[in-house]
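Chains A and B, in that order, give the protein sequences.
Positions 1 to 561 (this note's numbering) are the ones given, in order, by the first sequence.
Positions 1001 to 1580 (this note's numbering) are the ones given, in order, by the second sequence.
Treat each hint with caution, since some may be false.
Dumping the calculated PhoX-like pairs for lysine-lysine here, alpha-carbon to alpha-carbon at most 20 Å [what the hints assert, rightly or not]:
{"#": "1", "chain 1": "A", "residue 1": "Lys134", "chain 2": "B", "residue 2": "Lys1573"}
{"#": "2", "chain 1": "B", "residue 1": "Lys1081", "chain 2": "A", "residue 2": "Lys546"}
{"#": "3", "chain 1": "B", "residue 1": "Lys1430", "chain 2": "B", "residue 2": "Lys1459"}
{"#": "4", "chain 1": "B", "residue 1": "Lys1081", "chain 2": "A", "residue 2": "Lys67"}
{"#": "5", "chain 1": "B", "residue 1": "Lys1573", "chain 2": "A", "residue 2": "Lys40"}
On the chain B side, residues computed to face chain A include the following (Cβ under 8 Å) [claimed, not checked]:
{"#": "6", "residue": "Glu1040"}
{"#": "7", "residue": "Leu1071"}
{"#": "8", "residue": "Ser1128"}
{"#": "9", "residue": "Ala1165"}
{"#": "10", "residue": "Thr1201"}
{"#": "11", "residue": "Ser1203"}
{"#": "12", "residue": "Gly1346"}
{"#": "13", "residue": "Arg1348"}
{"#": "14", "residue": "Tyr1393"}
{"#": "15", "residue": "Ile1508"}
Derived by calculation from the structure, the hints in this document are not laboratory data.
Since the structure is predicted, the reported quantities are computational estimates derived from the model, not experimental observations.
Glycine included, every Cβ here is placed at the ideal spot set by N, Cα and C.
Chain residues, written in single-letter form:
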Amino acid sequence: MIYIKIFIGIIFLNVSLLSQNSDILNVAKSEINRSFVELKKQANPAYFISYGITDIKRVNLSSTLGKIVRLDSSQSRILDIDLRVGSKKLDNTHTMKSEGMFFFVDRSSYTLPIENEKKAIEKQIWFSTDLAYKSAIESYDKILTNVKVKVTEEDTSDDFSYYPPQKYSEKLIENNIDLNKWKSIINRVSALFNKDPKIYFSQVSISIENLNKYFVNTEGSEIQQSQPTIRLFISASTKAEDGMDLPLYESYFAFNESQMPNEEILTKAANNIIVLLGKIREAPMMSTYSGPGILSGEAAGVFFHEIFGHRIEGQRLKDPDDAQTFKNSINQKIISDIINVSFDPTLNELNGNLISGYYKYDDEGVKSQRVNIVENGIFKNYLMSRAPIQGFEQSNGHGRRQAGYKAVSRQSNLIISSNKVVSTQELRNMLIAEAKKQGKDFGLYFVQVQGGFTFTGRSIPNSFNVNPLLVYKVYTDGRPDEIVRGVDLIGTPLTSFSQISAAADDLGVFNGICGAESGGVPVSASSPSLLIDKIEVQKQSKSQSKTPILDHPTASNSNIK
Amino acid sequence: MKKIIILAILCFFTSNLFLKANYDEAIRAMKDEMQRSLTELKIENLTKPYYIEYILTINNNNSVAAQSGALKSNNTINNAKLSVKMRVGDYSFDNTNFLDFVISFFRMGAEDGGWINIQIPLDYDYNSLRRTLWLASDAAYKSAVETLSKKQAAIKNKIINDTTADFTKMKAVHFVDTLENISYNHDKYVQICKNLSDMFTNSDAYSSLVTFEYNKERVIYLNSEGTQYIKDESNSGIEMSAFMQSNDGMPVMNFYSTYALNPNNLPSQDSLKKASNSIVEKLGELANAPTLAEAYSGPILFTSQAAGELFSQVVISNFVAQRPLMTSMGKQQISEQTLNYQNKIGGRVLPEFLSVKAIPREEKINNQYLFGYYKYDDDGVKSQNVELVKNGYLKTLLTSRVPLKRIQESNGHNRNGGAIPSNIQMTSDKSHSKSYKQLKDKMISLCKDRDLPFGIVVKKIINRNVFYTGIMQISNSMFSSEYNKLTHPIEVYKVYPNGKEELIRGVILGSLSPQSFKDIILVGNSNNIYNFLMYNVVEDGTYNPSISPVSVIVPDMLFEDAEIKPNENDFPKLPFISQP
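So here's chain B without its partners, still in its complex pose (with noise of 0.2 Å):
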């Protein structure tokens, strides 16, 4: 006990680490290696970069796991870390958008890839700032210029069509964005995780894990175009997962999320124990919950988090512009799924009543916290609300300064390595927006005129990101990735005609494409404020996986014709050993 208390005043303290950095030393160590590196730079016969990035982060992460009361782990992890990134050749045509498998795969060593988040001292200094910048810079220039003359051969032999420029130029902006102190007391958080996972201790759910993580990071910027920024940034959250077996042997999850930039803007203490638990509760009905005797084929309504999350998996990504990357072997494929809406600008995607906008200026909404809020992208463009559908039709994508064919200038959505979602909100014209009761009895009534004994309710589906941070850690592959989709949703009803709801388990959602969603035939009168944490959809080459606080803001949605099936696989046997 006596020491988690030391541990929390100490993390207190530790927001003044960010006060204590020294940017007038950083900015000026950059801007001279910058200066040497642009005029010096430079191999015989080989270019010199026409474009430097400097960005130096210093990192607060606490994260904190606890499981039947007990903690499972606690941490508080503080780092500064250092990334060139360096640009050869012009603005036309520069090492970058080119994929070379070879570095790209073989990323090792410190001279493969040692220009990006380097370790350097928290109390780092004019000296060790150049010294780091100097090997750093050097690594990357060494590997712009190869990556250049990869490119250029590529080409050599083929007529190339698409000449878009590889980056676009920017005015120099200088900017502070810094966070007030914000208050944090890690300790809090430890008992609320302890207390929460308590819920769990005496309930039938064979393993169970609350986690909470708060992460902020202080960014120090400069580029060779003059742009010079200081930014903050945090994020927190809190995820509960757990799971059991119904006596058939089939496995039943449930799971609850909530994210914040600010954790003091994370619900209540009291809230949270009422989420773990209803959890509990749910995960008990789910495991008595009767199963789907044959498929379903027909109108299926999507509300309060499954609404959120089903916009966010199949739509979402589409909205990012997506520049296929050239390869030795030619152009390179970008996956499909988030590909629907780059060429179909100006074309039809969703009912005429329905409108999408990126919203990354606001910071609430009806008094709800927007995880999706910034002001300032990672290039340091100002945020922009961007309208991307107006009336059912497609009018632009979200940019970061690599431009595409059809779309030039950024509108601000670089975060984490490329062009992300912000907070993205659908919105519906008056006459398509119903109570949850009328959508109900439109739903019913579309199942009389087929014949159908009910309709469908989804309310929840798991979440993409929780599945591997929660339940993948605890159920020892009880549940196989397929579990992770869409196609496995949590929360499923069925509507009877007297509008009598069945919590039903064990059913498989079939597909939708963001093409379905032109099929929605009306929608909720409120808003169902979904935040998460989004992996990056643009590949930048590094092949990490980074993740950005993304909010979606969508009304309920009625779709016309969608399919369920039952769950017939082969489930795993119940316990040979009775719980303790």
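In isolation and in its complexed conformation, chain A is listed as follows (with noise of 0.2 Å):
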């Protein structure tokens, strides 16, 4: 009871201190302005500062077995630095040519205390704002260095983009829900696990985040927004006689309190698992296949931001290193022409789905702004950051990043729309009617993911690799869909592409936190339902070990069946 209790406490903290926060942003100001002062007075002047404060506060809730197992709070305060000298035409940012392998990321992050106090502050600020410029002007004089002895690079844009100065102001928001109720509702819905004794793992987690932003730079942008997000996951595992785990779960996102599921959809979800795991831990073990395949709606989503999303992202096009698969794919169909892609940040909704790649600022303060990628087939842009490309001089306001990494163009609300659709019934008749003209016996459908990983570099195949957790065989002479597991969900980008054939006229999201060299960005993916005429699976890797030797301790003098 009191563990709880002092957390409802910290939580009671984080509200009082928030009256004072338009503090920061003024000490943030007036220490950019003195830095940058001094610094333009330098043999190599500084032309360039901008400083993201991030307040971040966190609670972690989860539950197992009808029992709270971990309820910790945690408050930190990061400071991001920008600051460049050179010209915007060619400064300490620029791309390295062969720079090896060596994998570093320059992370001009450095902490500040959490409380208030101007003083405490401006010290650590000034302390950070003079390593930032040691580091820049090394940088640059490395920089300086490696445009002279490389190769011409094919992109000769500039390093920057000016954008004009911004100021927004909101009232900061924060979510405290009531920690009471919410322990109480998971530690039932996680209590409904006891029913199966062969699901050896289970929990029921909320995690929310508030994340309070300032930024300013010395173009003279001041913004101060709130990104308040909760997640809620029920998450099992079982494994099967040959030893393969099997996860499943469910998630839900979430502004704030309101918006959050009921007692009686996590009970409905929880209940839902524990029947597929069973199913899942009986059914056969999948062996290679190719051949069509419909993906849900929410399976198309990760499987688009994946094969595509990825590939743009502005920055990657300059470098030398990456693929640049869609390079100068401008104007250029390159998928069937029922298709539209865009990347919409001003949403935090999509027909009554909440998503959670919304933002009204990126993270270099530029307003965010809807793009289109993808119309009719044919490709017209990249998501941009103030880092130019050639012919995309412009941010669309997708500088992204986690407090801590240098922003770069990320993904936001991945949006994927058809001007064709057709009933899923219809859907699922396709795809009967195209596993009977390739010869097979069923044709696979996915319906829940976990997520995927995709390269984009030069020096590895361009593979994507999606994992999915729910899939059925669809036969084509009428037996009922069977469950199968131990799969992934494999291809190359282009072909994968290429085979997209008909969508449906649902619409499935995933919201999901999405790593990359910028760090963990919350994103989301729509999708209808889609049809691929060829996809391809490859066997999941798989754990060797056993399931338990003895019975569950407990189950025979029990409840427990």
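Combine the two chains into a complex, taking the hints into account.
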């Protein structure tokens, strides 16, 4: 009991601190101006500085089998400095060529005190800015030499683009959910997993993240915005007799407590997971397959995020080590003309679904905007930060990062839509027809996926991998659908793209955290169910460890069956 | 403000958390699952476990960090963890003392390593514990039989010379070693940290950090030999660090640390304020101090904190008995640094006027609390005072239940995963212990004999742990890891023939080994009691660093011959921007 109260205490704390927070912006403003004056006078003058200060408050709560296992909270304040010497044409952020495999993430980030004590914050900002300047002049020197000794770049665009100063300040929001209420709810939901002693792992968890972001730069921008999120997960896993671990989960995303799912929904979801896991555990192992498949909206969203989304992030087109898949695709047809792809960070909702890639200003102080990437199958645009690429000089508000990383262009709310849709039943019929045409006994239906990954470099094959959790065989001879397990969806981007042939009239949404060079950022991917004429699956890596030797210790003498 | 009060009151209550823990239920669940595992846990054709240990730990960790008068972090964590240790084979030859690279390096996921530190609910009950113990025992057993078969394979084609058993049998013990309810007011330490850190705000220090930590744990333990105990442990400490640059760019640092098992035995706020003041002052003095013109070779006197740090860094880890681990590639070499005494039992390791004892059973010396005090070790073995070095000769080493060829019995030094020093006290005979003045005079006369214009006193050396928890956190690579060595002492003084002392900066100390301690010619006549947190010496195969409270009690030490030289490295440039 006491345990819980302590944390409620901490959350109260956070509220009482809020009133003074506008001071932060003023301290940052006066320090950035003072530093800029001094650094403009140096032999290597600074031409631009920005400070991004992020207040991060997190609460994590999780329950297993009816008992709270974890309840903790944390608070930190991170300062990110973008300090540039040289000129917009060529500065210290320029991509170094042939740096080899040395993987160095330049993290100009520093921690600040969490209290609003002017002197304490000033001192840390001062010391951090000085370090950032020293590191900038060192990089700039190296870059000047690098530019001289290496071949001329294909893309000679500038390193930085102008963006007019922005002033924006919103009331800081902070989520304080009723922990006692939610503790009881997740305890009751997690207790449902007691029903199946063969579910070896299960958890219901809530993570609350309150981000308050402050941004100032030497061009005169001042932005203050809140990005609160709440995520709720129900996850469980079982083990097949052959040792394969079989996880399944359900996740929920909300901006505030009132949007969180109620207990009834959660109970239903947990019960559904229990039933499905029982079936998956008994399901046959799928072997290698190549043939037609349907991706549910959610699965299609993740599929697009991996095979497409990461390849249209602007800065990759400038990186000589990147495969630059869509470099010369502007105004080219790259996919079936029924498909449109856009990114829209200005939306927090799509057809009644909350979507998590929402923000008002990106992490470079640029206003968010909708970007149409593919219109009727024709490639139109890239996701841009303030680092220009040839032909695309301006940011379109996609310079993003996790606090502590350098902002680069990243995805937001990926939205796939189709000009021509069929009913889901029709899509299923088309799958069966296509399978028959290809001489297959069945097609595959990917209902739920866990996530995926891809490579975009030149030294590694440009494949992607999407990890399905729930896959059905849809037989051509009318037999009922059958759950199968043990396969990953794989492929290469351009080939897979050319195989998309139809879309349904539904919409599936996947909310998640995308990890890349600028850290983890919240994104979403939404799509109708898609029919793909040829997909390929490979066997999943599998645990070699057997199921437990002994039976559940108390299953026989309690109501656990 | 209002909130901090709420927090404080609640934290005060958390001490009751331990009282709420349900021991009977825990022990009953442990006994039942242990019995089932001992009799039924078996894979066809493979051996059953012969020894099982269940360890349930309830933790309460409080930490505060402040910088220039403002809070930097403030955390309270309560959790409960469960670990299972399992041995298959028998006492003479089992799955331990073997390093399986595959299992050790790729410990991930629920099944590999899923029996160590499993987080469990604080309000665990019989059923939830049984269930966790069931899965953890299963995972631990599978790993144990696999490791045993690898170990058996590794010796198949070898003639084994050392047939020392893997584990010693122990008679069952039952004890309860719980602490009185320690009164603890979290808010008080939040304020102390803020107040102390504020002393640095208007100083020339570039950055500074003041941290406080108080950790409390209760362990509920059961093993299959019948040993059963409940044991409380606590430790607390305050650390302060600061740094700046001299005009020539040389980075200089200073720190303060104090530790006590009970936070109420930490120094008063007034004396902490004095300490932080003196750190600021000394840092400024250091930044303006002269450097050493040329290398020096001659007598060096180590006093106060430097004597403690020197002894703790160079000598005491060598007192730990270390069993070389067998691997599929032969015997595993252990870091040479800590092995100097392993084959020296009976040999001389110090001058004949010096002796060393481990005194874990002493709570205080001269009314000062010792950090390495405890009643029982983690095996449930009663702590023992041990004579390590008598009149210069090494008698024995500090041991756990893992026997060595020459030491079969545990002397109660197993803490946090392996044998580790406790309170280590160095003493001298009367004729060689002198006052500070006499030590200085002796040094000066030695200098005269060698035509040296001055002698050297080292009074402060960076503490290894504080270097990471303090200096590295605030200085952003200004100090390389080189600075975390004896070779970069903080406070060094020239001592002139008239006795005058002059602070110098930027000196590098020539390396000192345990053998160098044979050349101590005189020691001081008072004790330097130095408490600190020590990293584990024995590698338990998990590669998780653990820290234990340790204390050394040493006199000032005069070495006949040592070396220092000026630091002639390149230094970072001074700040381009003026301080706000």
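Hints, verified against the model:
no., hint, result
1, A:Lys134 x B:Lys1573, "holds (9 Å)"
2, B:Lys1081 x A:Lys546, "violated (24 Å)"
3, B:Lys1430 x B:Lys1459, "violated (23 Å)"
4, B:Lys1081 x A:Lys67, "holds (14 Å)"
5, B:Lys1573 x A:Lys40, "holds (18 Å)"
6, Glu1040, "holds (6 Å)"
7, Leu1071, "holds (5 Å)"
8, Ser1128, "holds (6 Å)"
9, Ala1165, "violated (28 Å)"
10, Thr1201, "holds (5 Å)"
11, Ser1203, "violated (10 Å)"
12, Gly1346, "violated (48 Å)"
13, Arg1348, "violated (50 Å)"
14, Tyr1393, "violated (51 Å)"
15, Ile1508, "violated (25 Å)"
The structure does not agree with the numbered hints 2, 3, 9, 11, 12, 13, 14, 15 stated previously, though it agrees with the rest.
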